[in-house]
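S.K.: Chains as they are written, first to last, in full-length UniProt numbering: chain A, 1 to 280; chain B, 1 to 296.
To be clear, the hints were calculated from the coordinates, so they are not data collected in a lab. Here the structure is a predicted model, which means the values were calculated and not measured. Every residue gets a Cβ at the ideal spot worked out from N, C-alpha and C, and that includes glycine. Be aware that a few hints might be false.
[Stated by the list, open to error] Restricting the straight-line Cα-Cα distance to at most 25 Å, the calculated cross-link-like pairs of lysine to any residue (SDA-like) are:
#1 B:104 / A:9
#2 A:4 / B:191
#3 A:276 / B:102
#4 B:289 / A:15
#5 B:11 / A:169
#6 A:276 / B:179
#7 A:35 / B:118
#8 B:106 / A:158
#9 A:4 / B:183
#10 A:35 / B:117
#11 B:106 / A:8
#12 A:4 / B:184
#13 B:11 / A:77
#14 B:104 / A:169
#15 B:11 / A:99
#16 B:179 / A:15
#17 B:104 / A:264
#18 A:4 / B:192
#19 B:11 / A:183
#20 B:110 / A:267
#21 B:106 / A:264
#22 B:110 / A:264
#23 B:106 / A:275
#24 B:289 / A:8
[Stated by the list, open to error] Residues on chain A that point at chain B, a partial pick, calculated with CB under 8 Å:
#25 87
#26 88
#27 90
#28 104
#29 110
#30 206
#31 214
#32 218
#33 236
#34 263
#35 269
#36 272
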Amino acid sequence: MIKKLTPVIEWGTLLLTTGTVCFFLVAILWDLVSKGAPSLSWEFVSSIPREGMTKGGILPAITGTILLTLITAAAAVPFGVSCAVYLNEYATDSALNRLIRASIRNLAGVPSIIYGLFGLALFVQALQMGTSLLAAGLTLGLLSLPYIITTTEEALRRIPASTREGALAIGATQFESIRDVVMPSALPGILTGVVLSLSRAAGETAPILFTGVAFYINSPTGSLNQEFMALPYHLYMLSTQHHAIEEVRPLAYSTALVLIIVVFLLNLTAFYIRYKHSKK
Amino acid sequence: MQLPVRENIDKTVRLLVRSTGFLAIAILGGILFMLLWNTMAFFLQIKPLDFITGTQWNPSGDPALYGILPLLVSTSLVTLGAMVIAIPLGIGTAAFLSEYAGSKLKGILKPAIEMLAAVPSVAIGFLGIVLLGPGIAGLTGQSNGLNALNGAVLLAIMALPTIVTVAEDALHGIPDSYKEASYGVGANRWQTLIRVTIPAAAPGILAAVMLGVGRAIGETMTVLMATGNASAFPKGFFHSVRTITATIAIEMGEVPYQTTHYYSLFAIATVLFLFTLIVNMLGEYFVNKYRKYHSA
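Here chain B stands alone, though its shape is the one from the complex (with noise of 0.2 Å):
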């Protein structure tokens, strides 16, 4: 081919390709248009504080109540119980990965993690019904075992893979220095890694607890399947809540469009994707930092 038409084809693909890097732009940009429109359209009928400030949310009710705050407690009860199982588990496994395992070990427990992030959430919330759900139930005398421990326990595994691969990132960044000086100073294994490592280590792991804490309160199907999706005031952990995600995924099926009430899930939405987007901006926040940390 003549030098000219392979240069005009070079530069048409230049175009083409470019074009396409706007394309996540676009979409960005198109989610955040398409919640912030419905919003408004909700807020136009319902007043912003009824929606902040309500204790109940009951859409098909009269008169119909719009309340997020049942569903916020609820997201963030399970959440927060998520977490408070993952962070230590996935701390420990990370620093076990990093600083004990070897070469062989690591090459069978990566893998196991790997599948275990596999695994679809539609099936780990088929287990919270058939295998934890019994389980809490015969702990604790109740029916059914689906409630926010239900969930946050689910929630804790879902998010574990994701805790377990960046804290482990994190510490394994770590320059050997920094532990040749603690050995140096008559400190052992364990001292170095309390003292020494997961100190220095402590944004990467900050940002991976960000990122599980993301995945966590974005999750929908293990909490639908779970948590038993009770509209009330969520009272407590060995009770029935519904979280914005499930709330979304149950009452959009059954609304007619450009309705209030589907306006409203748009709200929620909208709430949600804001504290996503919070959380994993945090986790890059640290990441950044962290890498800032160690090239300096």
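One chain only, chain A, in its complex shape (with noise of 0.2 Å):
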């Protein structure tokens, strides 16, 4: 009887475990659905705060991720992918070299807080950009970087060697070789490794928190030099700062569901990159 029940059992811890995880994800996309859905309308996000935030939409906070999410792009996927070419294409396994994975895989390790410091200590105050969308949206660009460089590299790793010889052989040069062979080749995988970047910066809240956000905005688009909203940040705000946080907790679980359809959107963008590349 015991020897029967054993595997029973044994699975039954697996399952359960598994059950568990899968449990906590439909918990939180539940909850969040549920109640986040009825005060979901084209009117929320398509208006600015009214009345202390307890009326309105959340349309400076959407513009505002959009417009931080970006200034995040411009800023890290210019150096991030040349950094992963460099360290693909032409890096040799010299002490140097070594060092710079090493301080990429640390920096992946970097607390989001802290990076919120360096952004607040470098672009705020050394280089006097102020609190402002420009210094959080660099902030966010340095956090994205080492996730980028990763990505990419690994992008770059699966085109096969065979592929560069080929043009080299016909006479291209090596950057001739890269740019018409090897990055073409590689696009897809460097632009999942990028979406799903952006769609991680986009969610953050610690490193903005000192380099640019700001409570309440009156107006949709913002500028480069000035404090913005964002989705992360409001939701933060709604549900621990606000005067009157009972009332406004339908438009925190609504804030809170429209950031993770964008946050969802951003991901399923790259799947769809990377399920198309794999059928080719």
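Taking the hints as your guide, dock the two standalone chains into a single complex.
M.R.: Have a look at this one:
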């Protein structure tokens, strides 16, 4: 009897752990969707907050997050891709290059709040950008850099050496081989990594806390040298700092839902690129 | 284009691309410099011994007290709690994915875990306030349930995707010959998993745990929102705690630049940085050990 039951218990344990992990995801999504959807409307995503943010929408927070993510991309993608090209296409196994790799791995483990401090010290104070959209975007750019480098290098590594050798053999310079042959074939992989890194940056709060995010901005369009609203911070503010926390709870739920939708849409884009590429 | 021109372009690009390679070193160096510079400024005003052994963090008090112990104990408490929950769940899920789940089930579970990883920390912290908090309050009879336990559960959820993914890779990397040898001497699937596959993948699993710990120690928003942030010395899982990350997040927005209080936040950030550095390096060490072990 006990012998018969043992495999069931063993199986059950693993199934239970996996089930718990799935339960976490389902509980998160269910709670956010069921309580966030009722107060979600076109007006909510297309109008500015009114009456101390107890009414109106979150348009400035949405546009703020989009602008912020664009700046992050503009700052991190060129440098990140270029650094990955260096590491995979040019770098030899020297002590210096091992140091570069070690730095990147360590940067990926640095807590986001420390990036926030660094952004404050470097961009806001030393470079005198003040608390602004630009300073916050650059801070998030630094945070995204190690992820973009790692994923881009991974994509480049998957291109076989014969591809490069073919280009070199018919007389292309190394740069031409990279530009015309290696990059086009690695592009889907690079894009997937970039979009995933940006989706991560879009949801970050800690790095923008001291570098430029604001409680409330009354215009939906931002400017580079001014403070801005962002979805993650708006959610934090509505759920902990607002003067009427219970009253704005439905708005907080809807903000959380919008944030999750934005992040998941970016993720879906990345998966779509990966899926389409893997079919070829 | 003429060949000399093309070759010049090639050389220029090589230089440009190479210079961006050094950017990573420059950023890490910049972060280290910023942390150490401001920490030195702090230690010129406060004795290092008072900082390390002080049991009270009260920068706005009179006299101002800068003891890191309560923050350090809070961070350790929440991280420890998170790992107690996440390690068994993570390894169990990884084992299920790698050893039992068919490719169809894997095709559903893996994206689900990636989705869990994609949920922003602020959204998880929000659910700690509105969902988990009231739940804990109902069980313990407290007013809001914002305590170390709440933070630990949320951090466990945040660390799980990392632990599952890395541990699954480790389990998956064990050569089939190991398992076949085990089946050959009469062991069943479970015995093979517990006695052969998991021990063989141990360094990789340890690496997964270390990366999970690194993730939990450095997490800011979830603990800031879910642990209540009481500045008293932490008493246990059912009490409010205030981690290093939460302290920086709360106080940096309010302090005037270049004051002792301002420098003190860089000093605790340096401690945080060192801890994550050590944990991540340990993780890397285990990953390398695992690789060597299996290429031998």
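S.K.: Now tell me, hint by hint, if it's right for this structure.
M.R.: For each hint, the structure was consulted:
Restraint check for residue 104 of chain B and residue 9 of chain A: the C-alpha separation of about 23 Å stays at or below 25 Å, so the hint holds. Of the pairs offered as hints, the one joining residue 4 of chain A and residue 191 of chain B holds, with about 15 Å between alpha carbons and a cut-off of 25 Å not exceeded. Distance check on the hinted pair: residue 276 of chain A and residue 102 of chain B sit about 23 Å apart at the alpha-carbon level, within 25 Å; holds. Taken as a hint, the residue 289 of chain B and residue 15 of chain A pair is broken in the structure, with Cα atoms around 30 Å apart against an allowance of 25 Å.
Only pairs whose Cα atoms come within 25 Å are accepted, and residue 11 of chain B paired with residue 169 of chain A is accepted, the gap being roughly 18 Å. With a CA separation close to 35 Å, the supplied pair residue 276 of chain A and residue 179 of chain B exceeds the 25 Å bound. This hinted pair checks out: residue 35 of chain A and residue 118 of chain B have alpha carbons roughly 20 Å apart, not beyond 25 Å. Restraint check for residue 106 of chain B and residue 158 of chain A: the C-alpha separation of about 23 Å stays at or below 25 Å, so the hint holds.
Annotation: proposed proximity of residue 4 of chain A to residue 183 of chain B holds, straight-line Cα distance about 19 Å (limit 25 Å). The suggested pairing of residue 35 of chain A with residue 117 of chain B holds, with an alpha-carbon distance near 22 Å, which does not exceed 25 Å. Of the supplied pair hints, the one linking residue 106 of chain B and residue 8 of chain A holds, its CA atoms being roughly 21 Å apart against a limit of 25 Å. Note on residue 4 of chain A and residue 184 of chain B: the hinted pairing holds, with a Cα-Cα distance of about 22 Å set against a maximum of 25 Å.
With a C-alpha separation of about 22 Å, the suggested pair residue 11 of chain B and residue 77 of chain A falls inside the 25 Å cut-off, and the hint holds. Only pairs whose Cα atoms come within 25 Å are accepted, and residue 104 of chain B paired with residue 169 of chain A is rejected, the gap being roughly 44 Å. Annotation: proposed proximity of residue 11 of chain B to residue 99 of chain A holds, straight-line Cα distance about 23 Å (limit 25 Å). Between the alpha carbons of residue 179 of chain B and residue 15 of chain A the distance comes to roughly 21 Å, so the proposed pair stays at or under 25 Å and holds.
Our distance criterion of 25 Å between C-alpha atoms is met by residue 104 of chain B and residue 264 of chain A, whose separation comes to about 22 Å. Under the criterion of a C-alpha separation no larger than 25 Å, the hint pairing residue 4 of chain A with residue 192 of chain B is consistent with the structure, at around 18 Å. Our distance criterion of 25 Å between C-alpha atoms is met by residue 11 of chain B and residue 183 of chain A, whose separation comes to about 18 Å. For the hint pairing residue 110 of chain B with residue 267 of chain A, the CA-to-CA distance comes to about 14 Å; that is within 25 Å, so the pair holds.
The suggested pairing of residue 106 of chain B with residue 264 of chain A holds, with an alpha-carbon distance near 20 Å, which does not exceed 25 Å. Among the hinted pairs, residue 110 of chain B with residue 264 of chain A is consistent with the structure: their alpha-carbon atoms are about 15 Å apart, no more than 25 Å. Between residue 106 of chain B and residue 275 of chain A, the direct Cα distance comes to roughly 16 Å. Compliance with the 25 Å bound is thereby established for this hinted pair. Restraint check for residue 289 of chain B and residue 8 of chain A: not satisfied, since their Cα atoms lie roughly 35 Å apart, outside the 25 Å limit.
At its closest, the beta carbon of residue 87 of chain A sits 7 Å from a beta carbon of chain B; the interface hint therefore holds under the 8 Å criterion. For residue 88 of chain A, the interface hint is violated, the least distance from its beta-carbon to any beta-carbon of chain B being 11 Å, above 8 Å. The beta carbon of residue 90 of chain A comes within 6 Å of a beta carbon in chain B, closer than 8 Å, and the hint placing it at the interface holds. This hint holds: residue 104 of chain A has a C-beta 5 Å from the nearest C-beta of chain B, less than the 8 Å allowed.
A hinted interface residue such as residue 110 of chain A counts as satisfied when its beta carbon comes closer than 8 Å to some beta carbon of chain B; here the least separation is about 7 Å, so the hint holds. Because the beta carbon of residue 206 of chain A sits about 4 Å from the nearest beta carbon in chain B, less than 8 Å, this interface hint is met. Restraint check, residue 214 of chain A versus chain B: the minimum CB separation of about 11 Å is more than 8 Å; hint violated. The closest approach between the C-beta of residue 218 of chain A and any C-beta of chain B is roughly 21 Å, which is over the 8 Å cut-off, so the hint fails.
With a least beta-carbon distance of about 5 Å to chain B, the hint placing residue 236 of chain A at the interface is held under the 8 Å criterion. The restraint placing residue 263 of chain A at the interface with chain B holds, with a minimum CB-CB distance near 6 Å, inside the 8 Å limit. This hint is violated: residue 269 of chain A has a C-beta 12 Å from the nearest C-beta of chain B, more than the 8 Å allowed. Here the hint on residue 272 of chain A is broken, as its CB sits about 12 Å from the closest CB of chain B, past 8 Å.
Violated hints, in rising order: 4, 6, 14, 24, 26, 31, 32, 35, 36; the structure is consistent with all others.
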